[in-house]
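Student: The primary structure of each chain is shown beneath.
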Amino acid sequence: MQTPAILSVLGEDRVGIVATVSRVLADSSANIEDIRQTIISGIFSMTMLVTVNEDETPFDEVQRRLAGAAEELGLQITLQREDVFRYMHRI
Amino acid sequence: MHITPEEIVETLLMVQQQNLDVRTVTLGLSLNSCAHEDAAVAAQRVYDRVTTAAANLVPVAQKLEAEYGVPIVNRRISVTPIAQLASVSRHGDITLVADALDRAATEVGVDFVGGYSALVHKGIGEGDRKLIDSIPQALATTQRLCASVNVASTRAGINMDAVLLMAQTVRAAAEATADRDCIGCAKLVVFANMVEDNPFMAGAVHGTGEPDEVINVGISGPGVVRAVIASLPDDADLTAIAEAIKATAFKITRVGELVAREAARRLGVQMGIVDLSLAPTPAEGDSVADIIEAMGVGRCGGPGTTAALALLNDAVKKGGAMGSSSVGGLSGAFIPVSEDQGMIRAAESGALTLEKLEAMTSVCSVGLDMIAIPGDTTVETIAGVIADECAIGVVNSKTTAVRLIPAIGRKVGDRLSFGGLLGEAPVMSVNAWAGTTFAHRGGRVPAPLQSLRN
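For the protein sequence lines, the chains are A and B, in the order given. The opening position of the first sequence corresponds to residue 99 in our numbering, with each subsequent residue numbered one higher. The opening position of the second sequence corresponds to residue 84 in our numbering, with each subsequent residue numbered one higher.
Worth double-checking, as some hints may not be accurate.
Listed next, the stretches of chain A that the computed footprint assigns to chain B, with coverage defined by at least 3 CB atoms under 8 Å from CB atoms of chain B [claimed, not checked]: (1) 101 to 114; (2) 117 to 127; (3) 152 to 161; (4) 179 to 185.
Computed list of chain A residues with no C-beta within reach of chain B, every gap over 10 Å [what the hints assert, rightly or not]: (5) L147; (6) T149; (7) G166; (8) A168; (9) E170; (10) L171; (11) G172.
It is worth saying that the hints were derived from the structure and are not from the lab. The beta-carbon is built from N, C-alpha and C at its ideal position, and this holds for glycine as well.
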């Protein structure tokens with residue numbers, strides 16, 4: 099099952115964020131569809147649209163691996179199903 | 084990418100800083116098939132039915148919570164009003180069913196189970212009386228069970244015999260749990276115009292017009308609304324505030340709609356309704372009183388409060404109704420005193436009185452909620468408060484309710500502490516002029532005329 103999801107990284111900018119997150123995703127067979135980064139209200143924000151291949155790696159396992167990366171980087175990383183954002187922000 | 088980074092950050096901040104959550108995913112269950120003339124057999128059937136039908140409720144809710152990144156604070160079950168079973172169970176003690184429901188709730192891991200209930204707005208049947216008489220003991224000997232009784236409706240009027248009986252029952256429930264801050268009364272609500280699909284406690288029941296199993300979801304989010312109002316310019320007018328609340332209510336409701344649809348799909352049951360109520364929690368900032376104060380009223384309860392609350396309630400409904408395919412339940416801002424830090428502050432400072440709360444209930448959901456009153460308050464006074472609140476609901480064709488907690492052995496200024504979502508209740512003063520005659524007259528306050536409405 100292919101599950102679209104939004105990955106968001108919030109915190110202080112530092113070297114290696116994209117590399118670390120991308121490696122976790124690649125190891126989990128999750129595909130990056132789009133990536134953006136910006137500063138919002140002084141907070142570094144990177145958002146990715148990814149497709150989680152749940153046949154290879156279940157959603158909660160990808161979340162668990164990303165939690166490890168978040169600890170390593172000292173940032174907040176969240177992976178949520180994409181439809182929660184679509185529901186909230188689109189009619 | 085269709086979703087902008089700003090929108091993503093907005094959603095994350097709502098959850099992480101403004102307490103956005105889904106208050107409850109409530110599974111409604113019909114227990115009609117459990118009826119038996121022996122209460123012990125009925126109780127076993129109830130236990131089996133609940134533990135089977137709700138086995139996956141908590142795991143599914145936990146999974147949704149993780150996948151969507153939105154907390155689901157409570158998982159609950161509502162059941163057929165147990166008075167219906169009590170009317171069939173001619174032999175045995177009906178509190179066996181209360182015990183079975185409580186054990187089943189513990190087994191499946193839900194926070195509350197509602198439906199230890201009766202509807203007596205037009206008359207009290209044998210099963211109804213048996214159930215009502217058992218409420219104090221049932222609430223004293225269970226942890227998660229909630230009870231509710233409907234004593235009035237717009238079509239039937241107010242059953243004043245039932246009002247007095249419930250005033251006595253409230254008092255008895257307080258006495259039966261006096262050693263635990265009278266917590267029995269925090270799980271007992273007296274209704275006018277009870278609804279059949281309410282996911283919120285203590286008044287959730289699974290009505291007779293419902294399918295066998297249904298998922299109802301209650302949203303939350305006063306903290307989000309307060310933050311949105313606080314972000315507006317200081318000179319924003321009330322039209323702008325109403326528009327901002329509407330837009331926010333839409334977003335909050337959409338989360339509830341998504342959770343309701345997915346929960347129903349994964350559990351293989353019908354989706355019922357999303358309840359648009361703004362439900363506060365004891366967490367600082369997650370407060371309906373704070374919203375009223377953010378609008379500019381000096382302290383919740385002060386002049387302007389009812390108007391501000393009316394605006395809030397209406398805007399939440401307008402925004403929310405657009406966000407859901409099926410709106411129902413109570414749908415309005417809740418004002419439970421003990422569950423709202425702003426309300427507690429307002430009550431303790433003297434700004435918020437019982438009379439002002441009564442006025443507020445005429446423009447919002449749902450009634451005089453989670454209010455501790457002095458332990459020496461007479462049954463006649465409690466009956467009068469219940470009757471007054473019912474009158475507001477009956478005449479205005481809306482649901483109203485009373486959840487009073489007589490604080491046995493305590494006086495004004497003391498506090499009761501319930502813990503968790505039920506919070507802490509400051510004991511508030513009650514008008515002592517109820518007299519002793521009105522509550523004992525009995526009979527019915529007739530149903531009001533539905534035309535000539537002024």
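Student: Each of the hints needs a verdict: does it hold here or not?
Tutor: Right, here's what the structure says about each hint:
Restraint check on the region 101 to 114 of chain A versus chain B: 3 residues with Cβ-Cβ distances below 8 Å, three needed, restraint holds. Counting residues of the region 117 to 127 of chain A whose C-beta sits closer than 8 Å to any C-beta of chain B gives 0, which falls short of three, so the coverage hint is violated. Three residues within the 8 Å Cβ limit are the bar, and the region 152 to 161 of chain A against chain B gives 3, so the coverage statement holds. Check on the region 179 to 185 of chain A: 7 of its residues sit with their Cβ under 8 Å from a Cβ of chain B, so the three-residue criterion for coverage holds.
Separation of L147/A from chain B is inadequate, the least Cβ-Cβ distance of about 5 Å not exceeding the 10 Å criterion. For T149/A, the shortest C-beta to C-beta distance to chain B comes to about 12 Å, beyond the 10 Å cut-off, and the non-interface label holds. With a closest Cβ-Cβ approach of about 16 Å to chain B, G166/A is found to remain outside the 10 Å limit, as its non-interface label requires. The claim that A168/A is not at the interface with chain B holds, since no C-beta of that chain comes within 10 Å of its own (minimum 13 Å).
Separation of E170/A from chain B is adequate, the least Cβ-Cβ distance of about 20 Å exceeding the 10 Å criterion. Listed as a non-interface residue, L171/A keeps its Cβ farther than 10 Å from every Cβ of chain B; the least gap is roughly 17 Å. For G172/A, the requirement that its beta carbon stay farther than 10 Å from each beta carbon of chain B is met, with the minimum near 17 Å.
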